[in-house]
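Just so you know, the sequences run in chain order E and R.
Here the numbering used here is used: position 96 in the first sequence is 96, and no number is missing along the way.
Here the numbering used here is used: position 46 in the second sequence is 46, and no number is missing along the way.
The hints are simulated quantities; they were obtained by calculation from the structure and are not laboratory data.
Just so you know, not all the hints are guaranteed correct.
DSS-like mimics (lysine-lysine), calculated; alpha carbons at most 30 Å apart, straight line [claimed, not checked]:
#	chain 1	residue 1	chain 2	residue 2
1	E	LYS92	E	LYS3
2	R	LYS52	E	LYS27
3	E	LYS92	R	LYS27
4	E	LYS92	R	LYS17
5	R	LYS12	E	LYS3
6	E	LYS3	E	LYS52
7	R	LYS55	E	LYS12
8	R	LYS52	E	LYS12
9	R	LYS55	R	LYS3
10	E	LYS17	R	LYS27
Protein chains: 2
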Amino acid sequence: MEKIDELAECMKLLSDKTRLTILALLKEREMCVCDIVDILDTTQPNISQHLKKLKLGGLVNETRRSQWIYYSLNMDNKPHLQSVMKQLPSMKERLESRTALRCE
Amino acid sequence: MEKIDELAECMKLLSDKTRLTILALLKEREMCVCDIVDILDTTQPNISQHLKKLKLGGLVNETRRSQWIYYSLNMDNKPHLQSVMKQLPSMKERLESRTALRCE
DNA sequence: CAGTTATATAATCGTTTACTTATAATAATT
DNA sequence: AATTATTATAAGTAAACGATTATATAACTG
Numbered sequence: 001m002e003k004i005d006e007l008a009e010c011m012k013l014l015s016d017k018t019r020l021t022i023l024a025l026l027k028e029r030e031m032c033v034c035d036i037v038d039i040l041d042t043t044q045p046n047i048s049q050h051l052k053k054l055k056l057g058g059l060v061n062e063t064r065r066s067q068w069i070y071y072s073l074n075m076d077n078k079p080h081l082q083s084v085m086k087q088l089p090s091m092k093e094r095l096e097s098r099t100a101l102r103c104e
Numbered sequence: 001m002e003k004i005d006e007l008a009e010c011m012k013l014l015s016d017k018t019r020l021t022i023l024a025l026l027k028e029r030e031m032c033v034c035d036i037v038d039i040l041d042t043t044q045p046n047i048s049q050h051l052k053k054l055k056l057g058g059l060v061n062e063t064r065r066s067q068w069i070y071y072s073l074n075m076d077n078k079p080h081l082q083s084v085m086k087q088l089p090s091m092k093e094r095l096e097s098r099t100a101l102r103c104e
């Protein structure tokens, strides 16, 4: 039952609201940790720990660019997740509203 | 973020090995509780509780037929789960091996 | 009606999980 | 070199979860 164990592990990654929101955000564009913390209005360690799980599960990639570590979606080789990912709502409004606030 | 909450709930249902195995079994054919208990080699209350969650989540239907309560998959109106369901391994061998033992 | 079979519910226990607070590590800035 | 900004890790805590044991309910059987 290796296959089922793997699938359960993968589903577990997707069974948390915060992680799903992170994935929805990364669907719009890559982001650094502080971006996500800002938008989701939670603590930085909380987001860091969720990102670690997503990275271990192979769902995101990370790239350091000077001080910032950028995370991006990694959905290659995961066609069975695409229909779930499609269920994630757009985060455009939420991103725009944050930018708007910043500019004032 | 109602949508994301719902999705997280749904994924949580799929994030347990026992529940995934039950779903894989029901993909082959409908089954009563004692069938599943028999095959998965666990206790009856354990299976009953998992089935309850699956039923509350709308993933299975139940029908009483005299003493037995038969459970079956309910994947109508859940197209976004089909690709996950496809990932479930076939349970044919496991079903056959049990029948074989029974006949001896 | 008594006993048996099938299933559900309740109570309990140990583990896991998400989150917080505190601290460490790394890089940039002055 | 000291300070600030960004991220990671560690430790602690409360809540959620899966499994077990015990008990209740429902249907069939003799």
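Cross-check of the supplied hints:
1. E/LYS92 to E/LYS3: Answer violated: E/LYS92 to E/LYS3 is near 35 Å, above 30 Å.
2. R/LYS52 to E/LYS27: Not OK: R/LYS52 and E/LYS27 at ~34 Å, beyond 30 Å, violated.
3. E/LYS92 to R/LYS27: The given pair, whose Cα atoms are some 38 Å apart, is violated under the 30 Å limit.
4. E/LYS92 to R/LYS17: 35 Å, violated
5. R/LYS12 to E/LYS3: 18 Å, holds
6. E/LYS3 to E/LYS52: 23 Å, holds
7. R/LYS55 to E/LYS12: 19 Å, holds
8. R/LYS52 to E/LYS12: OK: R/LYS52 and E/LYS12 at ~19 Å, within 30 Å.
9. R/LYS55 to R/LYS3: 20 Å, holds
10. E/LYS17 to R/LYS27: 28 Å, holds
Against the hints set out earlier in the document, violations occur for numbers 1, 2, 3, 4.
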